[in-house]
Amino acid sequence: MKYVYGPVRSRRLGFSLGITTVPYKVCSFDCVYCQLSKTTNKTLERRGYVDEKDILAEVHTFFENKPQGLKVDFISFSGSGEPTLNSHLGSLIKGIRKITDIPIVLITNSSTLVEPLVRRQAAGVDLIIPSLDAVTQKEFERIERPVKGLKINRIIDGLIAFKKIFKGRMWLEVMLVRGINDSTDYLRKIKKVADRIKPDRVQINVPVRPPAELWVKPPCPAVLKKAKEIFGENCDIVC
Numbered sequence: 073m074k075y076v077y078g079p080v081r082s083r084r085l086g087f088s089l090g091i092t093t094v095p096y097k098v099c100s101f102d103c104v105y106c107q108l109s110k111t112t113n114k115t116l117e118r119r120g121y122v123d124e125k126d127i128l129a130e131v132h133t134f135f136e137n138k139p140q141g142l143k144v145d146f147i148s149f150s151g152s153g154e155p156t157l158n159s160h161l162g163s164l165i166k167g168i169r170k171i172t173d174i175p176i177v178l179i180t181n182s183s184t185l186v187e188p189l190v191r192r193q194a195a196g197v198d199l200i201i202p203s204l205d206a207v208t209q210k211e212f213e214r215i216e217r218p219v220k221g222l223k224i225n226r227i228i229d230g231l232i233a234f235k236k237i238f239k240g241r242m243w244l245e246v247m248l249v250r251g252i253n254d255s256t257d258y259l260r261k262i263k264k265v266a267d268r269i270k271p272d273r274v275q276i277n278v279p280v281r282p283p284a285e286l287w288v289k290p291p292c293p294a295v296l297k298k299a300k301e302i303f304g305e306n307c308d309i310v311c
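Offset between the sequence shown (1-based) and our numbering: plus 72.
Be careful, since some hints might not be right.
Calculated lysine-lysine pairs in the DSSO-like style (CA-CA distance at most 27 Å, straight line) [said to hold, decoys possible]:
no. : residue 1 : residue 2
1   : K264      : K300
2   : K289      : K300
3   : K210      : K166
4   : K236      : K264
5   : K261      : K297
6   : K263      : K298
7   : K236      : K166
8   : K261      : K220
9   : K220      : K289
10  : K261      : K223
Quick list of simulated restraints, FRET-style, between CB atoms [to be verified]:
no. : residue 1 : residue 2 : range
11  : K210      : L142      : 41 to 49 Å
12  : T112      : D145      : 15 to 23 Å
13  : D229      : D145      : 27 to 35 Å
14  : T112      : K270      : 34 to 42 Å
15  : K270      : K138      : 19 to 27 Å
16  : I309      : V80       : 43 to 51 Å
Derived from the structure by calculation, the hints contain no laboratory data.
Computed from a predicted model, the values in this text were never measured in an experiment.
A virtual CB, placed ideally from N, CA and C, is assigned to each residue, including glycine.
Could you build the full structure based on these sequences and the hints that come with them?
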C-alpha cells in the first residue's frame, strides 16, 4: 500500500494504523530534531496532495483483508509530513468513520490550527496530539524553523480556540532540546501557556532517534524529573 502502513507498535497508542496524507517531507516546519531528515518542501499551502479516494480505498482494502486477531487500537494521521496540509482532511475523517469505528488520532505540529476551517475539520477525530515545543518566537524559530512569517502566538491562539470546540481528548506534546527549551524558567513558561490551552495531558518527549541536525541532544534526566514536577500529575514522560 502507498498511503496506509502498519499497524505499528506505538509507545503511546498501542497498535496504530498509519495514514500518510501528503508526500514525503511536505511540512510547514523543518524541525532540528526530526528523525525524517530535513524538510524538502516547506509550505503552509493546503491542497489535495493525495486524492482522498485513493486513501480511503486503501483503508477499505486493509479492513477487508485484515487477518482475524490483528490488533488495531488507533488509526493515526501522521506519516512523513504535516497531515493537516491535505485539504481533504475533513472528508477523510468522515470517510474512515464509514469504514470502521476504531478511534482516529491526529498527530500535528499545530501550525495549521491558526485557520478556523482546519480546526473544524480536525475536531472530527477522537484524539489529537499537537506539538508545542516553544512559546516564544526566538526559540520557536530555532527549533522548528517554520515557514517564513508564521508566529508562535498565532499557533497558541489556534490551540486555545481548538480546545474550546473539541469534544475529544488532547495530549499536548512538548519536545525538549538541550540548551534551547529545557531550562527551569522556560519549562515554567510552557506550563503557563499549557494552562491556557487546557489539554487533557501534557506529554514530554526528547529526541531518541538520529535528528536532522547532529548538534541536537536530549536534556539530562534531572531536567525530565523537573519537568514532571512543574507540569504535575497530568504530565507523562514518554521518551
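Report task. For I309 and V80, compare the CB-CB distance with the range 43 to 51 Å and indicate the outcome. Result -> violated (21 Å)
Report task. Would you mind confirming whether the straight-line C-alpha gap from K261 to K220 stays at or under 27 Å? Result -> Status holds; Cα separation ~24 Å.
Query raised in the report: Between K264 and K300, does the CA-CA distance stay at or below 27 Å?
Result: holds (14 Å)
Report task. Determine whether the Cβ-Cβ distance between K270 and K138 falls within the hinted range of 19 to 27 Å. Result -> Roughly 36 Å apart at Cβ, these two residues miss the hinted range, so it is violated.
Query raised in the report: Hey, K236 versus K166, does the alpha-carbon distance stay inside 27 Å?
Result: Distance of about 21 Å is within 27 Å: holds.
Query - Satisfaction of hint between K223 and K261, Cα-Cα up to 27 Å - result: holds (17 Å)
Query raised in the report: Is it true that the CA of K263 sits at most 27 Å from the CA of K298?
Result: Within the cut-off at roughly 12 Å; holds.
Query - Restraint status (C-alpha distance of K261 to K297 at most 27 Å) - result: holds (17 Å)
Query raised in the report: Taking 27 Å as the top limit, are the C-alpha atoms of K210 and K166 close enough?
Result: Since the Cα atoms of K210 and K166 sit roughly 38 Å apart, the hinted pair is violated (cutoff 27 Å).
Requested in this report: Indicate whether the distance between the beta carbons of T112 and K270 respects the range 34 to 42 Å.
Outcome: Hint holds: Cβ distance 35 Å, inside 34 to 42 Å.
**Report entry** Holds or violated: K236 to K264, with C-alpha atoms at most 27 Å apart
**Finding:** holds (17 Å)
**Report entry** K210 paired with L142, Cβ distance criterion 41 to 49 Å
**Finding:** Holds: the Cβ-Cβ distance is about 46 Å, inside 41 to 49 Å.
Of the numbered hints stated above, those contradicted by the structure are hints 3, 12, 15, 16, listed in ascending order.
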